[in-house]
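Please build the complex by placing chain B on the supplied structure of chain A, with the hints as guidance.
Quick note, the sequences are listed as chains A and B, same order.
Here the numbering used here is used: the first residue of the first sequence is 252, the next is one more, and so on.
Here the numbering used here is used: the first residue of the second sequence is 40, the next is one more, and so on.
Keep in mind that the hints were calculated from the coordinates and are not lab data.
Pairs of lysine-lysine, BS3-like flavour, derived with a Cα cap of 27 Å:
#1 B:147 to A:364
#2 A:346 to A:292
#3 A:368 to A:346
#4 A:355 to B:245
#5 A:355 to A:345
#6 B:185 to B:155
#7 A:364 to B:89
#8 A:367 to A:284
#9 A:424 to A:393
#10 B:89 to A:414
#11 A:343 to B:89
#12 A:367 to B:89
#13 A:354 to B:89
#14 A:393 to A:375
#15 A:355 to A:334
#16 B:201 to B:211
#17 A:334 to B:245
#18 B:136 to A:414
#19 A:410 to B:136
#20 B:89 to A:368
#21 A:334 to B:89
#22 A:346 to B:89
#23 A:323 to A:364
#24 A:367 to A:334
#25 A:292 to A:393
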Amino acid sequence: MLRFFLFSYIFLSFSLLQAQEVELSASEAKSFKNSVSKSAKQSRTIVNTFTQLKHIDFLSNDIESSGDLYFKSPNIIKWSYTKPYEYSVIFKDKKLFINDAGKKSDINLASNKVFKKLNDLIAKSVSGDMLDDAQFSARFFKNDELFIAKLSPNDSTLKEMFKEIVLSFESNKYLVSSVRLIEPSGDYTLINFENTSVNKPIPDAIFAH
Amino acid sequence: MRYLLISIFCVSIFSCKVATVENFIETEVKSDDVVHNPYFSNAAIDYVYKSDISVYGNEFSGILILKRIAPQRHRIVFTSQFGSTFFDIEIGNESYKIHSIVEQLNRKIILNTLIKDFSLLIKENGKVAERYHNDAYNVLKNENDKYSNYYFYNIFDQKLDKIVNATKRKEKVIILFNEISEDQVAENIRIDHKNIRLNIELNFLKK
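The following block holds chain A by itself, in its conformation from the complex (with noise of 0.2 Å):
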């Protein structure tokens, strides 16, 4: 008998768990969108560090990274990867800039459209800023401590990199915490952003390639 109501309590806390993550309204998913494109259109600059957990199926672990991101309004982004090895790359004038432990390339975006709808992906999900966009079809949720933002692409070069795609917003800041990349095989890449200040100068130096 303890048992079946060991059983009941564990289940039903777990219902309720799952409960707790509720679709917003219309009118909510309205507020939500122009609080977070109001917010995205007062950061001139993001700084902050990130890990990055990719996940695949038949892994026994992650595979973890980390490093820093700057981000400067309206599209130059920079990912330093410094752990576990040294690799950055900056997003920047309609190209991307790869520093390889000193070893130093660049990819033009205009002539690499993978690359092209990654970058404007990337600097939009940093900000927030593509939650009107028509490229994806969006719903939105909440629980306890966090907007959620569930994206499907339309558009047929990023649906065949990703299934969904997740931000995940402090309720009270209105800034992206987490994205997940879901591919279409159900693995994925999640990003955790911590650390984040918002317009802290970046010297010019952090984008010079």
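Frame of chain A, contents of chain B only:
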């Protein structure tokens, strides 16, 4: 006349022999000889490498993930640093399956090269056709279709240092295994092609 015939015979024999085992001494294959590559054989290990690829002067890098998912069967995934998948291939002894591949890499010549290289890299066991040695190495030759694979085992510690893939006359691919860890992980691997300008360097990512 006899001398001439012998000369021709000798020359033709030596010219057939690939440079790989030149100056090595051939000995009889032992009954328990087996070609073994231990470096991707532990199903409990996620083999995750930073991968630098140089192809005809273009360099790019990513993360190469190898996992033994069943006996003689591996899953091999190559992703960008951001995590987006370039390809996801499953290779078994006689067959392969493509789970996904980006449009840019989905060409027959690229795919064939990838499958051939990775099959060579991960093949765990094989029969021995010939055996050679010198002061530094025991070499076991494994035959595979029209190709021969020469496995170089260091005499000092019996570790597999090198695999050479060759036709009867020419070396095609050389794989070097360096920095072998205690749990049999090759922490640095080089795959060099002799007939095309394609080189791959793999460095194991430690936790």
